[in-house]
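Asks: One-letter residues, chain by chain:
There are 2 protein chains.
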Amino acid sequence: MVAIENTQIVLASRPVADIDPKTTFRVQKESLSGELGPNEILVKVLYISLDPAMRGWMRDVRSYIRPVRIDEVMRSADVAQVIKSNNTNYKVGELVRATCGWQEYAVLKPSEDLVKIKAFPGVSPSTYLGVLGMTGLTAYFGLYEVGEIVKKGGPNCTVVVSGAAGATGMVAAQIAKHVFGCRVIGIAGSPDKCDYLVKELGLDAALNYKSKTFFKDLCAVTPKLIDIFFDNTGGDILDACLRRIAFRGRIIVCGAISTYNDATPKGPAYYSALITQRARMEGFIVFDYAKQYGKAIEDMSQWIKEGKLQSRETIVHGIESAPDALVKLFKGENTGKMLVKVAEEDTRSRL
Amino acid sequence: MVAIENTQIVLASRPVADIDPKTTFRVQKESLSGELGPNEILVKVLYISLDPAMRGWMRDVRSYIRPVRIDEVMRSADVAQVIKSNNTNYKVGELVRATCGWQEYAVLKPSEDLVKIKAFPGVSPSTYLGVLGMTGLTAYFGLYEVGEIVKKGGPNCTVVVSGAAGATGMVAAQIAKHVFGCRVIGIAGSPDKCDYLVKELGLDAALNYKSKTFFKDLCAVTPKLIDIFFDNTGGDILDACLRRIAFRGRIIVCGAISTYNDATPKGPAYYSALITQRARMEGFIVFDYAKQYGKAIEDMSQWIKEGKLQSRETIVHGIESAPDALVKLFKGENTGKMLVKVAEEDTRSRL
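First to last, the sequence lines map onto chains P and D. In terms of our numbering, the first sequence opens at residue -2 and continues consecutively. In terms of our numbering, the second sequence opens at residue -2 and continues consecutively.
Honestly, the hints are just simulated from the structure, not real lab data. Do not rely on the hints blindly, as some may be mistaken.
Stated by the list, open to error - To spell it out: a stretch of chain P is covered by chain D in this simulated footprint if at least three of its residues, at any positions, have a beta carbon under 8 angstroms from a beta carbon of chain D; those stretches are:
no., stretch
1, 27 to 40
2, 55 to 62
3, 267 to 275
4, 338 to 344
Backbone N, C-alpha and C fix where the C-beta goes; we use that ideal spot for every residue, glycine too.
Make the full structure from the sequences, and use the hints.
Replies: And the structure:
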């Protein structure tokens, strides 16, 4: 095998507030010999997952995962294809989900993190970064393990999802609506997204948080208050939902994308509603439920087949577009899962 | 019986921010005939309980209890003595705990809220507003039902209590320390209070939140982070403890006295630590556990007898001092339970 030129994007500096694609990241090239150690495989990255959590990985603070180091390849979950293998469990042409990061090629060793993707008719490999990846699993475990949806669900249960046109929110909203039959209200940032949520995903209502009448609108569509709030955004939306939280309401603190770029975030001013309504705010990290991924993926695959769970992606092209695309994610320019398509799958050798 | 002149303090206006004793309340006199309807009793108020929750009762918002109306007698829990009775279950001279409000006398009907106080050697009747009243019950159920102390407790469990020299905090800290054997750190607002917490209540450490080195001090005394935070204050103290919360830590949102007078409270900026540490913030109201009060009072009476639970009170005298004393409560001028002593118990007829 001749040497491969590998384009990588590394973290060049830690942003204090907004990400600046030009100074936060740096593009570099390395030459890969293609020689592999025992059990190693060489993969070509097909899709890179862009996630709000990436902003946290750039911060040098105590968290659930170590920060990305300066000059290190930016961390990401990816779908990749095996192009050379020293491991009989991984054959050339097979697809895997792995943490390759923002680069075109990676040499990987077997780990918990390296997972073969099962063939699934009619579903793109990129789905393993979206509905059937960490994104979908996050929605699933948030609702099941933190939101107590099994106990609370049903038509008398009002569920509000923020970032509902985003990758995780979309899955959470559909599960609550089409699996548990709840009354589901999505919150998003444009009339188009709201239309999509109601007309295509079948939610009961959708609200544009940028509207001047947002809080009044929220009151109007939550006459029985909010039993479960799946929060991806934080900020003023969280405050509005705290003001509408029901007795023993559950706030699933999944993300706070509206605050991740703030040097000093504003906290939820109305959190004392937790006292008066005996409500709970609880955070979680999907990794804690790794032992239950199999069951969750089985459930969600079934829901896709039954048409209860739709997938949607916003795809940008080329490894070098990753920094700009990440900024767009924080601006809410995506609908559904935000992905970078790095290379085409080679289907000649697909098993 | 001749007519009785009853001094009452009513809510005159709803404070927007700080309570102004002169404009928020108004003193008035009424004449009580002393005539009783069927099953009614006439009581003389001995002690009035002052509680941070009163600030919420003055606010005209959706809450766990209806707001006090303008021109209505200010609501409070009190210990009172029966001075006339039309009810064979309540004899003249007996002591009761009831919601009489800020007045010298009250005519009461039997209700869940009217509870006879059991004789208990060596314990003042005022204890039924403190350790053995809602105050102590709040500490008990907060730890047991929200803080999961039965599951988490023990020497490897670090518990931090804010407002630790206040009525509820003091009880929570002592239960965590002397019943569950946790490492307990109290937070209070003066060196004297901190001395009291360590030297008299036996806590492992106490910190003055007004110190410039408070956060550094907190880090130093929580080398294994904070497993349970019993929060009575909110504000910057809550943020500091969020920054030190442990994996799957529990924040018992009991009160937020530091924010109750704010027109627009500042929320906890570091609440996203709930995500990274899979932590939980949960509120509660003691009334929800009414069916378990008996067991709790039995437990706490036993701990008093065993010397595990001490009581302390700050007492002001005379019904008309209630408004000023409430302001002092918000300034943190009390140590232990803040009470107004309205009248002496008549021990001649004590049963």
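Asks: Each hint needs a verdict: does it hold in this structure or not?
Replies: The hints, checked one at a time:
1. With a cut-off of 8 angstroms between beta carbons, the stretch 27 to 40 of chain P has 0 residues touching chain D; three or more are needed, and the interface restraint is violated.
2. Note: the stretch 55 to 62 of chain P has 3 residues with beta-carbon separation from chain D under 8 angstroms; the three-residue rule is met and the coverage holds.
3. Requiring three or more residues with a Cβ within less than 8 angstroms of a Cβ of chain D, the coverage given for the stretch 267 to 275 of chain P holds, as 9 such residues are present.
4. Residue count for the stretch 338 to 344 of chain P with a Cβ under 8 angstroms from a Cβ of chain D: 0. That is fewer than the three needed, and the coverage hint is violated.
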